[in-house]
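Each protein sequence line maps, in turn, to chains E and L.
Heads up: the first sequence at position 282 corresponds to 492 in my numbering, and the numbers run straight through without jumps.
Heads up: the second sequence at position 173 corresponds to 383 in my numbering, and the numbers run straight through without jumps.
Read the hints as simulated data drawn from the structure, not as lab findings.
Honestly, I wouldn't trust all of these hints.
[As the list claims (entries may be wrong)] What the simulated footprint calls covered on chain E by chain L, stretch by stretch (three residues with Cβ under 8 Å from a Cβ of chain L suffice, anywhere in the stretch; the number is not a length): (1) 262-269; (2) 297-307; (3) 326-340.
[Unchecked claim] Below, simulated EDC-like cross-link-like pairs (lysine to aspartate or glutamate); rule was C-alpha separation at most 16 Å, straight line: (4) E/LYS337 with L/GLU264; (5) L/LYS337 with E/GLU264; (6) L/LYS394 with L/ASP496.
Here the structure is a predicted model, which is why all the values come from computation and not from measurement.
Every residue gets a Cβ at the ideal spot worked out from N, C-alpha and C, and that includes glycine.
Chain by chain, the residues run as shown.
Number of protein chains: 2
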Amino acid sequence: MSAGGSGEDKLIARLFAPIATHPGALGLKDDAAVIAPPPGYDLVLTKDALVAGEHFFADDPPESIARKAMRVNLSDLAAKGADPLGVLLAFAIPADMTPEALDAFARGIGGDARLYGAPLLGGDTVKTPGPFTVSITALGTVPAGQMVRRASARPGQAIIVTGTIGDGALGLELRLNPERPGFKALDAKAADYLKDRYLHPRPRVAVARALRGRASAAMDVSDGLVGDLAKMLAASGIAGEIEAARVPLSPAARVAIESEPALLETTLTGGDDYEILAVMPDHELDAFNNLATAAGIGVAVIGRTHEGRGLAVHAHDGGQMSFARPSFSHF
Amino acid sequence: MSAGGSGEDKLIARLFAPIATHPGALGLKDDAAVIAPPPGYDLVLTKDALVAGEHFFADDPPESIARKAMRVNLSDLAAKGADPLGVLLAFAIPADMTPEALDAFARGIGGDARLYGAPLLGGDTVKTPGPFTVSITALGTVPAGQMVRRASARPGQAIIVTGTIGDGALGLELRLNPERPGFKALDAKAADYLKDRYLHPRPRVAVARALRGRASAAMDVSDGLVGDLAKMLAASGIAGEIEAARVPLSPAARVAIESEPALLETTLTGGDDYEILAVMPDHELDAFNNLATAAGIGVAVIGRTHEGRGLAVHAHDGGQMSFARPSFSHF
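Just chain E, same shape as in the assembly:
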């Protein structure tokens, strides 16, 4: 990004330079940012792209789109045990996007940059004849060698998740099919809660440090709990089992599932959770739980890992569940 004389430059200078508070962003007046990573730390890098109509609704509030784009990336950093350092942002603007919408988008980026300590380091703005498209590269830091990986889960440990599972997937399904019986059972507040969880992920940045040195593996739940856990176990070369009854659900999700049990599958496989899924030894559970609780984030033990291959999901009646579509793919 650069601030100079053209239309693009003026737009950037007005909307985005105030968010570029990191000295290495050079006020967005250069073609590149420069950062001096703290000695003894590794840099963690992640990059997620979002497309209108695929990852959000084209008529979602632009500020919410911005926050979602920030948060899905910050969620990846958190699951790796990394503290946010900053973000690079590229977005492609359709011809019909209004200046007010751009303002609101910049407000969302700026708000989350401040909230999560992830200032804008640079990026690019381009035009597109297609849908609004956002790509963010997030940078974080961890003490050298302490990034929490996905493929390093150990057998004989606890499988835990933060927060509640399935709210984002139910919020999406509620927007797509509001007439389903499970959603008719919700009061307005519960329905709004689920929709908000889809629109505004809550990256668990506050537990990132607590994962370091404790979790043998972690990832954020973005494509559905069952599919993501199966992926982690396969990458780690181990097996695991979870109990559906121990998967933490919000009150809204409970009401919906009680009225329409088929929504349990949506909850377990739907995606858009942006909670943290981790595997850790039993003796670390208390300390992790205390640190998470102090940050206002719930933790639930949902199962165990063991030697072998595969993931078993036990139903409330003790039988093993199988899923038509164990994982959600935006792709």
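With chain E's structure known, arrange chain L on it following the hints.
Below, chain L alone, put in the same frame as chain E:
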């Protein structure tokens, strides 16, 4: 990026994991990459996005699109004096993109990753109902404090450019308006040369180190020589003048301009050069020139900086040139 069981995962594993040769990419099997920046070095970060129909033609060969996306980013690193470290890649795939086109795109990314020492560290693939869109974040390294900035040009120094100017802009104009008299004067080889310069930028990675400690300021010429130089001078709070006759032109550009003098303005203001524009003291010129020449890259002194404000472009007849549109903006 991650390699697992879904369609996206399989695509990534097959096409992109082989390019992710940096150990920190973790074989694209995690949600993030981890790098340990070398002690005593700063990290230089840049991010450019390209959209079909805006930055390249939708029917350009996918391998060329990939190379252009890599090279416009590597060009930014080179102008900052940075050695490439790696790239993160996100791209949005339209429904009608064939597997063969994706193969070719991956080949282009992989080819340039090897050619320039910029392995794939991670990224994201998404679907889009819109045009093919590519976003790359490139990371480079410089010895601490030695990034060559844009806003630090000093008065009383030489203004230099690498290579030849205007070929990319003429190549684009030739594709858009092949019937112009300047292009009718070209033989097939000269026309192909200009089109190739538009399609395949040549990032001046080989002179990056020679800029460090020598240039008081540098940037790559992406939006037109005159506009980019004006931007650098304004950011630095100084003035400058260049002579159009000293701007280095390729033989093809010379022929086109001789037949149609109006194309000189396209050359000076058109963009897509991806040459390096720098300001440096006279006593550094010989050393820089020798290092660039050894790397097979020409260097031309085109003017001087001085105290004051503004940029004067002197024509061949000694008069001052003015431009309808001093800078090209993709935005």
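- Query: Taking each numbered hint in turn, which are not upheld by the structure, reported in ascending numerical order?
  - Reply: 6
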